Amino acid sequence: MGKLFAVLVIVIALISVSFFVRHTWWMPTDISTTGAAIDHQLDETMIETGLLFLAGQLVLGLFVWQASDKNPARKIKIFPGGSKPVVIAAIFVVGIEILALTFIGSKAWAAVNIAPAAADSLHIDVQAEQFAFYFRYAGPDGQFGGLHPDKIDDGNGNYFGLDPANDVAARDDVVVGSLVVPVNHPILLTLHSKDVGHSFYVPVLRIQQDFVPGLEIPVHFTATQTGKFEIVCTQLCGLGHYNMKAYLQVMSEPDYEQWLKSQEGQ
Amino acid sequence: MHETSAASVAHQHAAPTGFIRKHIFSLDHKVIGKQYYGLALLAVFIGMVLSWLMRIHLGWPAWPIPLLDKLSAVGAPQGVMTPEYYLSLMTMHGTIMVFFVLTNAPFAAFGNYFLPIQIGAEDMAFPRFNMMSFWVTFTAFLVMMAAFFVSDGPPISGWTAYAPLSAVGGDAGPGLALGQTLWAISIAIFCIASLLGALNFIATTLDLRTKGMSLARMPASSWAWFVTAVISLLAFAVLLPACILLILDRVAGTSFFIPAGLILSDKMQPHAGGSVLLWQHLFWFFGHPEVYIAILPSIGIVCHILPVFARKPLLGPRAAVGCMIATGFLSYMVWGHHMFVSGMSPFSANLFSVPTLIITIPMTILTLLLICSVYGAKMRFTAASLFCLGFISVFISGGISGFFLAQPSIDIYLHATYFVVAHFHFVMAVASLFGVFAGTYFWFPKMFGRMMNEPLGKLHFWLTFIGVYCIFMPMHYLGLAGNVRRYSAFVDDYLIPLIPVHKFITIAALLTGAAQFIFLFNLIWSRFKGPVASENPWEATSLEWSTTSPPPFDNFAGRHMVVFNGPNEYGVQNNGTDFVMQVSPEKVSAS
Amino acid sequence: MATTTLPPGADITFDDQGSGKPPELAPRPGYVMQSGSPAQKSETGMLVAVSAIGMSFAAFTSAMFVRQDSSTDWQHFQLPHVLYLNTLILIGSSVTLQLSRQRFAAIPQAAQRASASVKVLSASGIYWLYLTAALGLIFVLGQILAWRNLAVQGLFLATNPSSSFFYLFTALHAVHLLGGMGGLFYVLRKLIRDGGAAETSGLSAFSIYWHFMDLLWVYLLLLLAIRI
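Chains as they are written, first to last, in our numbering: chain A, 1 to 266; chain B, 1 to 591; chain C, 1 to 228.
Just so you know, these hints were derived from the structure itself, not from any lab.
The structure presented is a predicted model; accordingly, all values stated were derived computationally and were not measured.
Treat the hints with care, as some may be off.
What the hints assert, rightly or not - Per the computed footprint, the stretches of chain A lying under chain B, defined by three or more beta-carbons under 8 Å from a beta-carbon of chain B, are:
#	region
1	143-152
2	194-203
3	216-224
What the hints assert, rightly or not - Listing some non-contacts, in silico: residues in chain B with all C-beta distances to chain C over 12 Å:
#	residue
4	PRO16
5	LEU41
6	GLN78
7	THR82
8	TRP135
9	THR139
10	THR160
11	GLY170
12	LEU245
13	VAL291
14	VAL491
15	LEU510
16	LEU523
For every residue, glycine included, the Cβ atom is placed at its ideal position computed from N, Cα and C.
Could you build the full structure based on these sequences and the hints that come with them?
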């Protein structure tokens, strides 16, 4: 019984770890400037916790194996030193690990969430609603029009509730259903929600930020590779939550300019 | 000053007569404990069936599930679930499991039954409040079940019920009208029941310990129930206000959680000024201690049971208790780690991350103490001890993933993915439940006077142990691949390649679920046909083993128990046995 | 007594502190013998209950602070003056409660001297308790007056967050107070039935609750006066 348990625990531990090590299912390639620090943090944590995990399961298996010895003459043994070395070791090892992870990790976090956006960021307004994302560009005048929720008219494509009749700045705002950005250019998004909570998750950029109704929340990033990637909603927002997504299209500068011109023409 | 008069030493309440008094509205903590257990058993099977339905839909979304259209013609026309029905099954699964199973079984069920006995008392401090707390819990359960059958559908906002989705009412979509209101009412009722229960546990532990039962000599399980009760008291005292405010927003037109300008179903919502994050803060201020309410009793149960079968004392019993207390204390400082990407100030991320990481220290110490208690043991392998050992393994697995989620930078990527689902299922669904299984196999003889079937119990263990790893370990990989949670189907380009993993998990879940029927059968069969149990079949030391199986009405047949030892006197030489009971005046000395 | 041995290094402490003498059988100070006296049990229970209630009101307080700061739509209004009168009444009820308890506390000594004043003390104690109940009732009626005052001004539960919290706090407090009055009648019934035996009536536990309700009200009044 005990030997079976020991073997099982060790086999399970090894199989589990192997999938982590082999990256059988893993994060997509990072295409951001801030993601490398996060990936590094993840790798560090993976190694340290992987070792703890293996050690814990293996030692458990070993002790159970030994404890299953049925020799009646065997006497019980107390762990050498009693509980004190165990407690002290745990405090030290875990404590040091915590310090290390926190110190390094806080930089990765700050780069994403505390550092201000670059001064020359391309500013894009993002609205989440049941069940779509819409993106707004300021247009040639560089000004965003004001938002009037009472003027929202999805049927006519006025997702943001712009008032071009009375608001000059709103006339040239570009509203699209994909997030199109130039590569290697800092982007500043402002997130707001039309109805309930949503969330903006772009795995390849290593960013995730909730939309909070009533708040406007900034998110910034710089994409380093061109391509088409997915943005998905990660906060339960109703029945269409599973299907709420948009595409992030990262284009070269010239391609982006061309795309923007074609949108502004409309 | 507090001398006992003869009157107060006599039974707190007379022995019950009549079926209703004995079995339905009973004041006896043992009956109430069994009632809680029965409710948890019913709830866990309902919750498990819900999870099967969810998993089948995730693996094979177009496949019609037999009989499902009978349960809800609207939710599953021709047996194929609508997205909103999936979400409501998910909401009810989480709610039922967290509240009616994990708060009930290890804490209310076993705690009610065994805390008074383990400390040598006749009953809980307030037997009438105790009875009330069960029936109020049962009422909450009925209200929650009612939410399944309302015309607009059961609630869909998850067990976390984030505002404004949960607060604005039916305009936000199906499942958010009466069903959501009933959910909030049910939880509010549950809070009151939990507060009553916690009150009883605390007063009982402080005031009803028998002669010689100092706090230092209390078994680890009693300590765990006590610490859990304190956490419970303060946590549910915050959830109740949250639910009240939510109900007011839903029915009274207030705007605690709903800001201005929201447009749902093309209608401007008539609310203004509320704070969405306020709900999250209130909820998680309760929600994080809640998960420790779910796990600590199981930790205490394993710390109590493992030495019995290892035939040696728990390593560091005082450190173990200290860790439980430290965990309880720290659990109030970490709630923001559920909200790293919520839009709260990014500076607060470190404020919450540091205590979150620190809380891993007492949890690690406890795990190591348990592992090192196995060192040098002469282990008796029974279903109970196997589940204790299994607990250690799954607790390691579940705890390790916490290291990732505790760091805000990593949480940016892993938040709301299956990595989180893996983490909380391992620690709550698996580890906590393993503690309940261990407790069941261990205490069944005491509760019912009969032994459970050991071979069936062991089979149950092996199948379950392998099964839970097959279900929940792959979820880590899914999370790392960015697989978002709470999706009723996987339609995104990057998720489609992951569906085969989901299918594997579904099959594992169904098989592991089927294995639980072995346990259910064993419970029912042994209740009536199991071999008769002696007073102390496991050769254990604590007070519950110093009375008959099952105990008499007043627990000790009129004896006033006097305690001489702690609960850890195993592995000693005592007249041919290797243990000394807590009530035995045998003197133990060093060699 | 038989002695037993332990393996070296065992992590167990001994009851006799290594003195070699039999374990001490007298109860240690600080804990009670089996079936703790009813008064102590109910006092412990009441302290626990009161902590939970306090925690709930703390949660509501923090909700109010967050709500106030999250938006600009808070409209301040003046508290109805009757609230201040009600406060005095409630404080008065705590005073009458203490006077009652003093009467009952004097009974054991009077009984020892076999004095006839036992009956007088008991009756007097009960009288002060009735007065406490009356003052509590007047307080609640006064709160109703305050709500009617607000209603006349057009301030209802959902009118404005400020009125929402006003009604929430005052109504919840009044509900708890009424619950306490139920407890008071339970205690009164026991006292009358048992001839003034205060120890078993739950009077000490009740007074913890009642004084807490008083203090809670004073806290709420200050909170509302400053923030509403």
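Against the structure, the hints come out as follows:
1. Check result for the region 143-152 of chain A against chain B: holds, 3 residues qualifying (beta carbon to beta carbon below 8 Å, three or more required).
2. Residue count for the region 194-203 of chain A with a Cβ under 8 Å from a Cβ of chain B: 7. That meets the three needed, and the coverage hint holds.
3. Against chain B, the region 216-224 of chain A contributes 1 residues with a C-beta closer than 8 Å to a partner C-beta. That does not satisfy the three-residue criterion, and the hint is violated.
4. Every C-beta of chain C lies more than 12 Å from that of B:PRO16, the closest at about 18 Å, which supports listing it as non-interface.
5. Interface exclusion of B:LEU41 from chain C stands, the closest Cβ pair being 28 Å apart, more than 12 Å.
6. The beta carbon of B:GLN78 sits about 43 Å from the closest Cβ of chain C, which is more than 12 Å, so the claim that it is off the interface holds.
7. With a least beta-carbon separation of about 33 Å from chain C, B:THR82 lies farther than 12 Å from that chain, consistent with its non-interface assignment.
8. Its beta-carbon lying about 18 Å from the closest one in chain C, B:TRP135 satisfies the requirement of being farther than 12 Å from that chain.
9. Every CB of chain C lies more than 12 Å from the CB of B:THR139, the least distance being 18 Å, so the non-interface label holds.
10. In this structure B:THR160 is separated from chain C by more than 12 Å, as the shortest Cβ-Cβ distance comes to about 17 Å.
11. Against the 12 Å criterion, B:GLY170 stays outside the reach of chain C, whose nearest CB is about 18 Å from its own CB.
12. The beta carbon of B:LEU245 sits about 6 Å from the closest Cβ of chain C, which is not more than 12 Å, so the claim that it is off the interface is violated.
13. Even its closest Cβ contact with chain C, about 18 Å, leaves B:VAL291 beyond 12 Å, as expected for a residue assigned away from the interface.
14. Listed as outside the interface, B:VAL491 is consistent with that label: its C-beta sits roughly 36 Å from the nearest C-beta of chain C, beyond the 12 Å cut-off.
15. The beta carbon of B:LEU510 sits about 41 Å from the closest Cβ of chain C, which is more than 12 Å, so the claim that it is off the interface holds.
16. The claim that B:LEU523 is not at the interface with chain C holds, since no C-beta of that chain comes within 12 Å of its own (minimum 33 Å).
Comparing the model with each numbered hint stated earlier shows that hints 3 and 12 do not hold.
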